[in-house]
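Visitor: Given chain P, put chain Z in place with the hints provided.
Chains P and Z supply the protein sequences, listed in that same order. Take 1 as the starting number for the first sequence in my numbering and just add one per residue. Take 1 as the starting number for the second sequence in my numbering and just add one per residue.
Among these hints, one or two may not hold up.
Cβ pair distances, simulated, as ranges [said to hold, decoys possible]:
hint: 1; chain 1: Z; residue 1: G16; chain 2: P; residue 2: L176; range: 53 to 61 Å
hint: 2; chain 1: Z; residue 1: D122; chain 2: P; residue 2: P97; range: 55 to 63 Å
hint: 3; chain 1: P; residue 1: R5; chain 2: Z; residue 2: E146; range: 42 to 50 Å
hint: 4; chain 1: Z; residue 1: G38; chain 2: P; residue 2: T272; range: 42 to 50 Å
hint: 5; chain 1: P; residue 1: G336; chain 2: Z; residue 2: G55; range: 29 to 37 Å
These aren't lab readings, by the way, just hints derived from the structure by calculation. No experiment lies behind these values; they were computed from the predicted model shown. Note that beta-carbon positions come from the ideal geometry of N, C-alpha and C, so glycine has one too.
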Amino acid sequence: MKQYRTHLLVCAGTGCVAAGSFEIKKTLEKEIKKLKLHKEIAVISTGCNGFCERGPIVVVQPDGIFYQRLKKEDIPYLVEEHLLKGRPVKKLMYIPPAEETPIPKMSDIGFFKHQRLIVLKNRGRIDPENIDEYIAFDGYKALEKALTKMTPQDIIKEIKNAGLRGRGGAGFPTGLKWELCQKSYGDIKYVVCNADEGDPGAFMDRSVLEADPHAVLEGMTIGAIAIGAKEGYIYVRTEYPLALKRLEIAIKQANEYGLLGANILGTGFDFTIKVARGAGAFVSGEETSLLAAIEGRIGVPKQRPPFPVQKGLWKKPTNINNVETWANVPQIILRGAKWFSEMGTEGSKGTKIFSLVGKINNTGLVEVPMGISLKEVIYEIGGGIPKNKKFKAVQTGGPSGGCIPKKLLGLPIDYESLKEVGSMMGSGGMIIMDEDTCMVDVAKYFMNFLRDESCGKCLSCREGTQRMWEILDKITKGQGTPEDLAVLEELAVAVRDASMCGLGQTAANPVLSTLQYFKDEYIAHIKFKKCPAVVCKEIISSPCQHTCPIDTEAPQYIAYIAKGQFRKAYEIILKDNPLLGVCSRVCHHPCETKCRAGQGGDPISIRALKRFAVEHGNGKHIQKKKRKPTGAKVAIIGSGPSGLIAGFYLAQRRYSPTVFEAQTIAGGMLALGIPGYRLPREVLKKDIERIVNHGVEINTNQKLGRDFTIQNLLNKGYKAIYIAIGAHKSIKLAIPNEDAEGVIPSMEFLTRFHLGKKMKVGKVVAVVGGGNSAVDAARTAHRLPEVSKVIILYRRTRAEMPAYKEEVDSALEEGIDIQFLTTPTRVLTKNNQVIGVECVRMKLGDIDDTGRRRPIPIKNSEFIIKIDTLIQAISEQPDVSCLGANHKFRVSGWNTIEVDPESLVTNVPGVFAGGDVIRGPSTVIEAMADGKKAAEAIAKYLQGEESRFTYEVTRPSVYVEPVRLEIEETLELTKQETRRLRPEERKNNFREVDLGLDKRSAMIEAKRCLRCDLEVKKEDEKKEKI
Amino acid sequence: MISFKLNGLEVQIQEGTTILEACRFYGIEIPTLCYNEGLSPYGGCRLCLVEIGTGDKAKLVSSCTYPVEEGLVVRTNTKRVISARKMMIELLLSICPSSKTIQDLASKYHVTKVRFRVKHEDCVLCGLCVRMCKEQMQSGAIGFVERGYKKKIMTPFNIKSDVCRLCGGCIYICPACQLRCQGPDAQTDICNACLSLEPSCINTHEDYQCWMATTGDCGTCEGRPDQVKKKDNR
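One chain only, chain P, in its complex shape:
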């Protein structure tokens, strides 16, 4: 036999073939021949490796080196470096997401490390089109044992003791099924292999057939011995041409070797296998339909009893099992029931193959022991969710399964536990969903699949799936009513109970499980006309407008800018936002995170375009003369964004709002927290002027608790009160000596600075925290002339830092040192003055049940930093002490005031609250949205109306004709970056860092907009052509 020093195993599963692995193989062979290494190195095509995300894959044995994502151009270098010079090529190796070091060996890679290969033991290792390779790895030894050393009863007993359960989905005990079939009366019996695999997202059976078809043939032959069958059928779906090809080759070779057909191994036992092809029906995966299809009849399920083991194919006893079940059999016979039953849980023995697909980093096929937790599969093996998005649900079991939410991630995977939570094992498909997946849309998708695939016999399934789809469709279009949910649930239960076969009986699962765990999403669609994942087109119109808490019509002003109509752009923004100057500088732009252009490209710089419109569109705008208020008096406590907006909209409704501000200047966090290099004070001043001119009175130096109380206000004739006092009490670190001189809470630091009050700040400043107030404090301190160094101490990693990415980037640009995975443990003082801080290094520990790694301190890694000032910025809370000792409000454990979520009213009638005081530290735009909502609620209250709100789907208020572009023009449109001050120019001053877009860049950026709003018809077809 030829001996090679190295084998190159080229993955030739369907995924890698589609990515070009046949080309890779040819190129490898060519290059190896060129370097005259073809007598020492063999190149073999193997079946699927399972790590389909990283194809084309080549594994070098015996080194065990794993190469991935190979391109034809890489091969010459690879051959020369690794195979000739013995230097493995690092840049072609696997690097885990969010890390930097490559992992050379396959056995060290998380994806492979945690798997336990039984059924897939030969994958990526043998050439499936060569029976000798299967035999070399103990192939057909089990058959020999079964034929020569065991009786049929022995075989059945072994399978029973092993605890093997059907891997097709229902999990019926295999040994028991074989026994029932064996006991059935009749001399003609059949064994059948179900390779229909209809579940969308499932490809494990395909993988087994493509990588190791002999395992199935051997298993079926052993089954035939046990049951007493002479003929077998493998029903393969027509959509698997490669599997069909490999099966045909395997059957032919097995026949040639006397391992199949007449007189197997000379023992006189006859058994032939034929292959039958499917014709594109999901329902034909159901056993009675499948048998009907093999017989040439239409694939429609039949009532059982009689079961196939009694009356199956052509009314003879038939044992039908799934591909994976059959592939387990040779191993069990060879290595024994005891070995098999040691893996898995009490009720579910052995391993299971799962196809890990959807929003997951390591898409592919994994085989794991039963009882492993979902969390381990998704994070350790799957590598977590791409782009750091939040996990939302995992759908198991295909369209017959259910969705499992985040809180159940610790669930061990076995037949019973999955059923208990409303899902099922099914074929083993695992579809991972993240925050951008709409669960209502998911239910609709599966219902669409099921109504298409229903055979149509049972009224319940045929009509039921159709009607459930209709209701879900209605809901995703924003036309759902609360009654729809009740009907949907009732109908789902009826379909489940009344249908005859598994398709109908499980058709309700996607609906029932999403209703159980994600009801809030349904309610968001029906009541609030919102799609939280921003998916359902008819509800969202354009994702940017839908996501904006104040419904800003971004596509419209962007379209106006693209057409050069800057004035109109300005007016459209102003219509919904009196604080437009402020937002154009500091809004955290949730719109950009959902921008469609950002999916697979660069999101539109929506905020920068807003700023452009504010600066260039506000030409001859005349500030309105100051209005005279006429209506009822309303008191607003707090002149931050929430209070200002509430005041504006109350004034618009002709009420008389008065704002009481505790500090000497108005603006709240906008004036006291956000530094001038982010929000120039002239911009803020202009916006506040606009609000005051609209009829809002602002009284500064009026602090709640010190200068007035809530009761005072009511006594003075204010008919309603809006509390918007924010959350600016910094939380303590809870470390020793925190009260020393030189330790300042970040909110106090920023407020004092912006009020012009004197503060003692030393040369070296450390800021503890990772949020925006930490970075604001750090960048402000860095600009002070007395400060020479600023260090931020954050206990987690860069990827987890909550501060806006642009802020963190700017801080690093300006020379601020950020120590990640670092926590302070003690403040060091001398004469009660800060002189240093002791810190400990952290490392990320195991994944907890929410999918995050908790940081844990590394022992003996403490070190000291010499500092003069320490700023606490880990988080803030509202300061509710100003409400008085006897206040009647309900306050949460985080010191936030509790309010009704729709009307923002507290438990005291006439008193409302919004902004950070109800949310904890949050964002400017959300505070503004609260203010707007509160104004509406207060107006209703003052008019004695019931506090009932109507909601509508998102639509633009005006139709702006899109800009016409030539193809060459669209190709030239690339993302435009704003101009920024260079770090040197920012030293010791508070000049605005972001300089915005110029006219040319703004128009190019605006033209990149995909105009998602044009895809959806306006509600009332009223169009204003511009």
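Guide: Just chain Z, lined up with the frame of chain P:
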């Protein structure tokens, strides 16, 4: 003889009997639509559901197709059965509200609302016509085509059949073809009339009119002058 438990009673029946036949034998009423004594059972309408088994393993099966087994526990009117039955009737109404058979079922089982979009089709895919043509008339001119919500009954490739003898058996047996007294284009989706003892003909006549001589007042036999007696000749 097989012994089994029927609504709490220990009873016996011959082997090979279906649960539905056994219930009929013992006088227990079970609604059906796609069942006909003279044709093979189909199990498509899901009205004849009964609950078998106990505890966790209890499930609903169509009694017309399920053969009685030794020791089987059958209950015909459990909560699950009743709510499933009512939903089936509601679904039938939403497909074909012009059928008297279906309206009677609704009246009898107190289904008072249809919460789905009404389709106004003229076929509920019960398959009686297919079985009538094949089994009784020995012809087999029509059959089921396509699957799921696209399923239809027609001749192969929708061309004129050369085995159809125009016997009319399919029309005779069709439950959708038995129109309600308000005719095929009635204004309401549910009438809840005859079997609820509130038919409209009683407003103008002394007797129920569907089995008396037709007078044309209900509008069903409009256009058939030989069937209409003049009003004063009543």
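Visitor: Please flag the earlier hints that this structure goes against, numbers listed from lowest up.
Guide: 1, 3
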